[in-house]
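Participant: The primary structure of each chain is shown beneath.
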Amino acid sequence: MRTRHRLRARRQGDAAELLMALRPPAEWVLSAALRRLARRRPEVFERLGAFGEAAFVIVPDGSPVAFRLAPQGASAGVQVRRRNDRSPSVARIEGPLGALLGLFDGSVDADAAFFSRAIRVSGDIEAVMALHNTLEAADLTLADLLGLSGPASQMANEAVRFARTAASAKAAWA
Amino acid sequence: MGSIELVCPAGSPAMLRAAIEAGADSVYCGLRDETNARNFPGLNFSPAELKAAAAWAHDRGGKVLVAVNTFARAGEVDAWRASVDSAAAAGADAIIVADLGVLAYAQAQHPGLRLHLSVQAAAGSAEAIAFYAQAYGVKRVVLPRVLSAPEIAALVRETDVEVEAFVYGGLCVMAEGRCALSSYATGKSPNLAGVCSPPEAVSLEETDGLLTPRLGGFMIDQVAPGTAAGYPTLCKGRFEAEGTASHLFEDPTSLNAMALLAELRTAGVRAVKIEGRQRGKAYVARVAGAFRAALDALDRGETTAPYEARLTGLAEGGRETAGAYRKAWR
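The listed protein sequences correspond, in order, to chains Z and E. Sequential numbering of the first sequence, starting at 1, is according to the working numbering. Sequential numbering of the second sequence, starting at 1001, is according to the working numbering.
No lab work stands behind these hints, which were simulated from the structure alone. Some hints could be false.
[Stated by the list, open to error] Examples of chain Z residues toward chain E, derived with CB under 7 Å: (1) Asp109; (2) Asp111; (3) Phe115; (4) Arg120; (5) Thr134.
Computed from a predicted structure; not experimentally measured. Glycine included, every Cβ here is placed at the ideal spot set by N, Cα and C.
Extracted from the complex, chain E is given alone in its bound form (with noise of 0.2 Å):
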């Protein structure tokens, strides 16, 4: 591993597989329920697949994250405790947590389990992050995707938890874990039932070229032909408002921060984190490569200048940006 840990997404084995064979350092996944906020149809790991599969990635120098970053629902908190058990029995590595409760009952039944904090608990100040610590015994906080690198910089002179950073894949508007966009349109919030946008509640019609796609029976968007789409979500949905049609809450784009790697190591984050289980094994074999050889030419003192282009063609809407890390509207 070089100086800064690459840690990739994995909604199945194959994936998994894929993304260490590409370069990955750590890869991240879950169970297949709602415990995790990638709660697709046919996505995910069984506990026995997660067991195999971690074996098989420790054998490689691989290291497994296991997210049970959902928040429990109250009196059924059950399946959350099953995940944290599931994942303990399987080797994993470090369970990515946003529950309190989660947390608590993680740290008193398995002590030896390294904690990290999920983006979905939106622990943005070195004070949120110092509770956890102290609290739970968090060791690594994955930030929430609203700071600027110097933002970034700031907070890590501030805490001993090691940082994670999303550099690339889908972006979310909202402040992480508290979003109700897609709970107000299909009764289904990423937060709770691990779905954002529930596909049941999709629906994409397309005519001479021209796609609409719903969700929920609410009409997102109107896409011309030969245009790039962007996930049916209703924060990247266009909304006409005072006779103006336009993207309200997000453009549909794709964040790239691999510009930014070298900006980040001297700020002090120990992790970057590819977004994307539900992409499958082509994207991370892609991504997973490209940022594997990035980061080994900073290790060199090089530029990364070279593989920057890799990845044209998997982004959302056909479009990057650089996100908050830059925060050109301010």
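So here's chain Z without its partners, still in its complex pose (with noise of 0.2 Å):
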């Protein structure tokens, strides 16, 4: 048993290496996604109020690292971070990946998935509430989590939706 947990632990270890290191790219794309974003649609971050320059840390669960969200001001970009690195930042969201993208898209109800105990949040309350209302509103896409426009756009998005109805038909046959 103990044997098994320390490979499970090293096997973690090692994604976490392989994804860190893989971190400029990730952190160049989705962070240019989003400024781009911040220029198309300035409206969407006034929801932000106070929040707009706040740090959030997003954990998807069982994943190795975190995503550091400044939505706007001079750090504004997405850093991909160690699961338990514990900088500054105003607000940590923890959920499946699924969960957590069903809550960018607005495809998911966060009261539900607070009430179900799915996705765990703490620190600012208040600056989680500005945030997912800010969602809310924004009616974004996967494409847009990844800046992605035209053809590549609608496959993305497309391929979110199928992910999703085979997750629900799955649910229901289980």
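Could you use the hints to bring the two separately framed chains together as a complex?
Facilitator: This is the structure:
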């Protein structure tokens, strides 16, 4: 049992090292998409009010890395951090990757995810609520998150729709 | 529209569109300030957004009802008057008001603007409703969530004012508009500031799956790992009395009165309302869709039973109740 636990920890450590090595291109793509969105739709960020320059840490369950999101200001962008990194942030949001993406595009009901304990939040709850309401109003898609446009954008959004339908069907049969 | 109007919540233009597209006849929303009872960060409409959203809804046959339903602070009534003016300028089909001064202002300044009495006014008798109708020309009353279905039927027989009743979403245990629990713990109340349990006063701590919510520094519950949680409000908290921990004020559950739609229609209820402007697009699309299907089934003379399980998983604390409509505790 202890050996299996050690092996799993080592595998996670290896995955973290690999993802941290890939950090620069991922940060570049995500940050560029965020800045492009800010230029294209500045009204989206108005809803963040006082939290426009705050940093939020998003942590997918099972992932060895976390994402530090700063929507606006001098340090606007997305940084990839180690999961246990505790550098200053206004709030931390944790949950399954699918649920986190669902919160991003508004296809998941955040309150229901909180009631069911699928999503865990800590830190400044006012900031979390401002971020949630901002994303809700923004009507964003996965393509917006990745900065895609044209046919690539349609393909990304179709892929998400297909994955969700497949997941729902699987849940219905479970 | 069928025999009953379906009124759904909208916390943003995107949520308004989702509600109408899912089958809402009307949406209710508020401006981005303390003049409405969902004054949460990032939520609600600017005056320009409200105008555009109203035009969008009207093009699709939908109505927009604007909540200006908190109580104006003495000496600072300008914000409430400005909200009434913004709603009228946006082309709102009605405003939803609780405060006598705001009602008087709206009636005097915008005589053509339809007035609905908010649930916050807690008008639960024919005499109270008649007063609002005679004094301010109120055309519809949103009933407080403390009446049973037979009590509603009796009330409708005694009034000419349209009656709107909540059928889904969060519940308040106190007489509407008179709760001081949030104010006691945080200094802010839904009645005056438009926020119950303001998020800046909430902290959530989770250790090994044990969730500890605090409000204004008061620990209000400890939720065991894997157990469904509720909103971090004092009324949904769990407290120890005489050695036993329990929900002293109210269990964390959501109202679901879909099974009572036929009874409410027979009682003469004109509109049914969904709570939850703070919830979002996914919520309103699912709830509006389920209630649209149920109301259409009723109009076809069919049962609502097939649609009653469609809302599983949305409820606070993972549980639903028919609330005061059935008054099972009596």
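Participant: State for each hint whether it applies.
Facilitator: Right, here's what the structure says about each hint:
Evaluation of the aspartate 109(Z) hint against chain E yields a held restraint, the C-beta minimum of about 4 Å falling below 7 Å. Evaluation of the aspartate 111(Z) hint against chain E yields a held restraint, the C-beta minimum of about 5 Å falling below 7 Å. Given hint, phenylalanine 115(Z) at the interface with chain E, holds; its Cβ is 5 Å from that chain's nearest Cβ, closer than 7 Å. The closest approach between the C-beta of arginine 120(Z) and any C-beta of chain E is roughly 6 Å, which is under the 7 Å cut-off, so the hint is satisfied.
Among the interface hints, the one on threonine 134(Z) holds; its C-beta lies about 5 Å from the nearest C-beta in chain E, closer than the 7 Å criterion.
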